[in-house]
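The lines below spell out each chain.
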Amino acid sequence: MIRLEKRPQPSKTLSLATPLIAVVVTMIAGGLLFATLGKNPFEAIRTIFWDPLFGEYAFYYRPQLLVKGAPLVLIAIGLSLGFRAGIWNIGAEGQYIVGAICGAGVGLAFYPMESFLIFPLMVLAGALGGWAWAMIPALLKVKFGTNEILVSLMLVYVAEQLLASMSLGLLKNPQGFGFPGSRNLQDYASAHNAELITGSGMHWGVVAAFIAVILAYVLLNKHILGFNIRLSGEAPRAARFAGVNPTRLILFCLGASGALAGLAGLFEVSGPSGQVSIDFNAGYGFTAIIVAFLGRLHPVGIMLAGLLMALTYIGGDIAESNLQLPAAAIQVFQGMLLFFLLALDLLTNYRLKFASKGVA
Amino acid sequence: MTGTLLSISGLTKAYPGVVANDTVSFDIQEGEVHALLGENGAGKSTLVKMIYGLVKPDSGTMTWRGAAFAPPEPRAARASGVAMVFQHFSLFDALTVAENVALGMENPPAMRDLAAKIRDVSENYGLPLDPDRTVGDLSAGERQRVEIIRCLLQDPKLLIMDEPTSVLTPQEVEILFKTLNKLKAEGTSILYISHKLEEIRTLCDHATILRLGKNVGTCIPAETTARDMAELMVGDTLHTPTRTITEGGEVVLDVKNLSLDPSNPFGTKLKDISFQVEAGEILGLGGVAGNGQDELLAALSGEALTDAATITVKGDPVGDLGPNERRNLGILAAPEERLGHAAAPDMSLTANALLTGAIRENLTHKGFVDWASTTAFAEKIISAFDVRTPGPHTAARALSGGNLQKFVIGREILQNPQVLVVNQPTWGVDAAAAASIRQALLDLAGAGAAIVCISQDLDELMEISDHFGALNEGRLSEIRQAVGLTVEEIGLMMGGAHDLDAPEIDAPAQEQSA
Numbered sequence: 001m002i003r004l005e006k007r008p009q010p011s012k013t014l015s016l017a018t019p020l021i022a023v024v025v026t027m028i029a030g031g032l033l034f035a036t037l038g039k040n041p042f043e044a045i046r047t048i049f050w051d052p053l054f055g056e057y058a059f060y061y062r063p064q065l066l067v068k069g070a071p072l073v074l075i076a077i078g079l080s081l082g083f084r085a086g087i088w089n090i091g092a093e094g095q096y097i098v099g100a101i102c103g104a105g106v107g108l109a110f111y112p113m114e115s116f117l118i119f120p121l122m123v124l125a126g127a128l129g130g131w132a133w134a135m136i137p138a139l140l141k142v143k144f145g146t147n148e149i150l151v152s153l154m155l156v157y158v159a160e161q162l163l164a165s166m167s168l169g170l171l172k173n174p175q176g177f178g179f180p181g182s183r184n185l186q187d188y189a190s191a192h193n194a195e196l197i198t199g200s201g202m203h204w205g206v207v208a209a210f211i212a213v214i215l216a217y218v219l220l221n222k223h224i225l226g227f228n229i230r231l232s233g234e235a236p237r238a239a240r241f242a243g244v245n246p247t248r249l250i251l252f253c254l255g256a257s258g259a260l261a262g263l264a265g266l267f268e269v270s271g272p273s274g275q276v277s278i279d280f281n282a283g284y285g286f287t288a289i290i291v292a293f294l295g296r297l298h299p300v301g302i303m304l305a306g307l308l309m310a311l312t313y314i315g316g317d318i319a320e321s322n323l324q325l326p327a328a329a330i331q332v333f334q335g336m337l338l339f340f341l342l343a344l345d346l347l348t349n350y351r352l353k354f355a356s357k358g359v360a
Numbered sequence: 001m002t003g004t005l006l007s008i009s010g011l012t013k014a015y016p017g018v019v020a021n022d023t024v025s026f027d028i029q030e031g032e033v034h035a036l037l038g039e040n041g042a043g044k045s046t047l048v049k050m051i052y053g054l055v056k057p058d059s060g061t062m063t064w065r066g067a068a069f070a071p072p073e074p075r076a077a078r079a080s081g082v083a084m085v086f087q088h089f090s091l092f093d094a095l096t097v098a099e100n101v102a103l104g105m106e107n108p109p110a111m112r113d114l115a116a117k118i119r120d121v122s123e124n125y126g127l128p129l130d131p132d133r134t135v136g137d138l139s140a141g142e143r144q145r146v147e148i149i150r151c152l153l154q155d156p157k158l159l160i161m162d163e164p165t166s167v168l169t170p171q172e173v174e175i176l177f178k179t180l181n182k183l184k185a186e187g188t189s190i191l192y193i194s195h196k197l198e199e200i201r202t203l204c205d206h207a208t209i210l211r212l213g214k215n216v217g218t219c220i221p222a223e224t225t226a227r228d229m230a231e232l233m234v235g236d237t238l239h240t241p242t243r244t245i246t247e248g249g250e251v252v253l254d255v256k257n258l259s260l261d262p263s264n265p266f267g268t269k270l271k272d273i274s275f276q277v278e279a280g281e282i283l284g285l286g287g288v289a290g291n292g293q294d295e296l297l298a299a300l301s302g303e304a305l306t307d308a309a310t311i312t313v314k315g316d317p318v319g320d321l322g323p324n325e326r327r328n329l330g331i332l333a334a335p336e337e338r339l340g341h342a343a344a345p346d347m348s349l350t351a352n353a354l355l356t357g358a359i360r361e362n363l364t365h366k367g368f369v370d371w372a373s374t375t376a377f378a379e380k381i382i383s384a385f386d387v388r389t390p391g392p393h394t395a396a397r398a399l400s401g402g403n404l405q406k407f408v409i410g411r412e413i414l415q416n417p418q419v420l421v422v423n424q425p426t427w428g429v430d431a432a433a434a435a436s437i438r439q440a441l442l443d444l445a446g447a448g449a450a451i452v453c454i455s456q457d458l459d460e461l462m463e464i465s466d467h468f469g470a471l472n473e474g475r476l477s478e479i480r481q482a483v484g485l486t487v488e489e490i491g492l493m494m495g496g497a498h499d500l501d502a503p504e505i506d507a508p509a510q511e512q513s514a
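Sequences listed follow chains H and V, in order.
Using the UniProt record's numbering, the first residue of the first sequence is number 1, and each one after it goes up by one.
Using the UniProt record's numbering, the first residue of the second sequence is number 1, and each one after it goes up by one.
Check each hint, because a few of them may be wrong.
Cβ pair distances, simulated, as ranges [stated by the list, open to error]: (1) V:317 / H:245: 46 to 56 Å; (2) V:177 / H:139: 35 to 45 Å; (3) H:139 / V:123: 52 to 62 Å; (4) V:316 / H:20: 27 to 37 Å; (5) V:249 / H:5: 49 to 59 Å; (6) H:196 / V:416: 49 to 59 Å; (7) H:6 / V:155: 35 to 45 Å; (8) H:5 / V:480: 28 to 38 Å; (9) V:459 / H:9: 28 to 38 Å; (10) H:143 / V:379: 36 to 46 Å; (11) V:61 / H:16: 19 to 29 Å; (12) H:143 / V:250: 42 to 52 Å.
In silico PhoX-like pairs for lysine-lysine, Cα to Cα no more than 20 Å straight-line [as the list claims (entries may be wrong)]: (13) V:157 / V:49; (14) H:222 / V:366; (15) V:366 / V:380; (16) V:56 / H:353; (17) V:178 / V:157; (18) V:196 / V:157.
Hints were generated in silico from the structure; no laboratory data involved.
Remember, it's a predicted structure, so these values are computed and weren't measured experimentally.
Positions of the beta carbon are idealized from the N, C-alpha and C atoms, including for glycine.
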């Protein structure tokens with residue numbers, strides 16, 4: 001019989017090893033899934049994990065890793081601050097959309113003027129938009145005790161409606177022959193978040209993600225605010241005793257995650273995506289939740305997890321087109337990753353005991 | 001009745017890393033009150049869990065009236081005639097007494113018959129209890145009666161009681177002892193677990209003393225001094241704390257008409273509490289748990305805010321200041337709940353030193369934590385208060401209760417407070433560590449600090465306090481000189497004899513059931 005026994009201290013080794021084990025177990029279970037769909041599991045796994053990095057067309061896919069990973073990391077870093085403190089912002093997708101609308105809106109307002117000030121202004125507007133959208137659940141929670149999980153999630157759907165309305169109305173390209181969607185910012189030099197090094201995939205969003213990783217690391221490990229965030233999540237009563245003001249913490253955590261999600265939206269709309277359109281959002285805000293946990297809510301872990309998640313996205317796309325795997329199977333595969341991670345998490349705090357028979 | 005009811009021989013039970021019971025043997029006679037004495041962690045609970053069928057021994061045997069006895073589960077133990085009153089009650093607040101009793105029975109009779117039975121038993125054994133009352137409205141003593149009556153309805157041969165008096169006022173203890181004596185006269189054996197020596201001396205016929213899982217001796221309590229028993233229990237000579245009395249210091253802490261609504265619906269409302277503590281004085285506040293202790297600590301630590309003038313320290317109003325602003329002024333506190341309130345369980349001792357030490361020990365510079373100084377501070381606490389741990393990187397939850405308590409108290413004392421408020425400073429701490437914590441509090445008072453010690457351990461309060469008061473349903477009794485107080489007087493203060501209006505109206509239990 002197998003029993004679980006609580007460890008006196010969480011195991012450091014395992015907390016680092018479980019994400020890797022989870023990836024391996026996901027590969028095995030995913031392989032079985034692909035096999036039941038009649039595909040060669042080894043080929044499918046190789047297509048997802050190997051081809052984007054070292055395959056024939058890797059020169060095209062490798063930059064994509066940064067392009068897809070940057071928004072995930074940027075959003076997940078923000079979310080992880082709140083998650084550490086027990087403040088659950090599930091609506092990063094909405095803040096991402098609003099950040100993109102605000103940032104793009106500022107850029108389009110200046111069209112066709114050219115100035116080096118326009119892009120920084122757009123960045124500011126993007127961050128503010130995401131921040132403001134996150135302040136709605138924050139203020140409601142602080143003033144009326146509402147549940148931030150529900151409110152932030154509901155606001156995603158509001159944001160999606162707003163996005164549709166913007167691409168059909170206010171921000172619609174006047175020279176777009178009636179098609180929905182804004183002007184393409186890639187064609188507007190002052191507002192274009194272009195690649196910094198051609199062919200590298202490196203744009204300002206990638207830079208911002210790196211900076212966010214470093215700042216979050218310093219905040220959590222060296223600053224009293226980071227300590228208070230961790231304390232509030234682990235022992236709320238002790239945090240109160242330590243003089244942490246819960247109201248301020250809620251406003252900070254939701255605000256910071258909203259601003260980072262808004263930034264991610266802005267960098268996306270002004271760069272890889274180029275325009276505000278009805279289907280602009282691709283689910284980065286939700287996937288970032290997985291990334292945050294896969295990275296153990298640790299800044300460096302999140303960076304690695306973001307790249308891994310981007311890899312499964314790109315690899316999944318290749319598998320879809322080359323092996324005709326259904327999109328749903330890829331999503332199940334990505335979901336498994338979080339599932340196995342959470343299940344294996346148990347091992348950090350508990351150890352398995354293989355008890356001999358007879359002793360209960 | 002004579003003869004051996006239960007004979008235990010060579011019982012051993014090991015858990016990973018610790019042998020909870022190591023070849024323990026003793027006999028319980030028919031119709032005797034047998035004490036099981038030992039410090040926290042001595043293995044008392046494991047032993048009775050084996051008798052009650054909750055835990056299986058690794059080796060060793062038990063015999064019940066000559067026949068082998070190895071209950072695989074509590075139901076089997078109950079069928080043989082073992083009943084147990086646990087330290088923590090398992091009652092549903094929203095149900096009535098009779099419904100609660102029925103829930104614990106194998107074949108409950110009709111509710112009306114059961115109510116009659118409960119009335120019978122409660123009259124027979126002098127345990128006043130109305131079967132139709134809602135448990136949520138009952139005091140701790142009355143709740144315990146529900147548990148006892150639940151056991152008595154099974155007509156037990158052996159009644160196990162785990163620290164039954166820890167939640168009772170002295171008057172309630174007296175009622176309980178009458179009941180237990182009556183049961184004993186009828187031939188029921190009682191296994192009485194406690195570490196309160198005077199109780200055992202008045203109540204018990206025999207005592208078995210456990211230390212670190214081993215049976216280290218038996219004695220007849222009536223013929224043994226409390227000190228001898230304590231030394232058997234601790235395995236060492238005990239040092240009684242000594243103190244130097246400072247008289248007539250200036251008033252440091254002054255609380256005037258403190259009334260406060262609880263922050264959660266299960267809390268107790270504080271009502272018009274006023275007291276003063278002078279420099280060098282220890283004010284002991286007794287009272288049964290749940291009568292406003294946590295709320296008073298929160299009001300003094302700054303976790304709950306009041307009007308500024310309600311609490312003053314050396315004349316400065318502090319009632320509206322948060323915990324860190326108060327720490328700045330030298331007002332420190334150590335709450336009762338170590339894990340989760342005084343300390344963060346999963347964080348290291350270093351991080352926990354930062355938790356309250358950041359302000360007074362200057363552990364941050366412009367918001368950035370100076371981890372080197374913080375580790376040094378944690379190490380200082382560990383060495384000054386003899387905290388047994390591999391080092392400051394250890395998680396708080398890995399420490400034993402006593403060691404963590406030494407860390408928590410030491411953390412505040414080393415910050416050199418003007419005012420220190422502690423709640424249950426030696427709860428769950430072994431006798432030697434308790435003595436050293438009390439000594440540290442006395443030394444701190446000797447150095448001129450004003451100390452408020454909230455505790456449910458009356459012996460502790462009498463040992464260290466200059467003045468004594470008791471909390472009852474959120475009110476504070478009159479404050480009296482501790483020297484010369486009799487047990488009766490203390491009991492009356494704890495029971496709320498000073499009450500002006502019907503206290504039940506605002507009882508926390510009612511709010512709970514509302």
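Worksheet item: So the hint says 28 to 38 Å: do the beta-carbon atoms of residue 5 of chain H and residue 480 of chain V match that?
Response: The hint (28 to 38 Å, Cβ to Cβ) is violated, given that residue 5 of chain H and residue 480 of chain V are roughly 50 Å apart.
Practice prompt. Starting from residue 366 of chain V, check that the Cα of residue 380 of chain V is at most 20 Å away, please.
Written response: violated (24 Å)
Fill in: Straight-line alpha-carbon gap residue 178 of chain V to residue 157 of chain V, limit 20 Å
Holds: residue 178 of chain V and residue 157 of chain V sit about 18 Å apart, inside 20 Å.
Worksheet item: Per the hint of 35 to 45 Å, is the separation of the Cβ atoms of residue 6 of chain H and residue 155 of chain V within bounds?
Response: holds (39 Å)
Discussion item. A range of 35 to 45 Å was offered for this pair. Does it hold for the Cβ distance of residue 177 of chain V and residue 139 of chain H?
Written reply: Since the Cβ atoms of residue 177 of chain V and residue 139 of chain H sit about 58 Å apart, the hinted range of 35 to 45 Å is violated.
Discussion item. A range of 19 to 29 Å was offered for this pair. Does it hold for the Cβ distance of residue 61 of chain V and residue 16 of chain H?
Written reply: violated (47 Å)
Discussion item. Just to be sure I understand the hint, the distance between the Cβ atoms of residue 249 of chain V and residue 5 of chain H should be within 49 to 59 Å; is that true here?
Written reply: holds (52 Å)
Discussion item. What's the verdict on residue 157 of chain V and residue 49 of chain V, does the C-alpha distance respect the 20 Å limit or exceed it?
Written reply: holds (17 Å)
Practice prompt. Evaluate the given range 42 to 52 Å for the C-beta pair formed by residue 143 of chain H and residue 250 of chain V.
Written response: holds (44 Å)
Worksheet entry | Straight-line alpha-carbon gap residue 56 of chain V to residue 353 of chain H, limit 20 Å | At roughly 17 Å apart (the allowed maximum being 20 Å), residue 353 of chain H and residue 56 of chain V satisfy the hint.
Item to complete: Go ahead and decide if the range 28 to 38 Å is satisfied by the Cβ distance of residue 459 of chain V to residue 9 of chain H.
Response: The hint (28 to 38 Å, Cβ to Cβ) holds, given that residue 459 of chain V and residue 9 of chain H are roughly 35 Å apart.
Discussion item. Quick check: does the Cβ-Cβ distance between residue 317 of chain V and residue 245 of chain H fall within 46 to 56 Å?
Written reply: About 20 Å separates the Cβ atoms of residue 317 of chain V and residue 245 of chain H, which means 46 to 56 Å is violated.
Of the numbered hints given earlier, the model fails hints 1, 2, 4, 8, 11, 15 and 18; all others are met.
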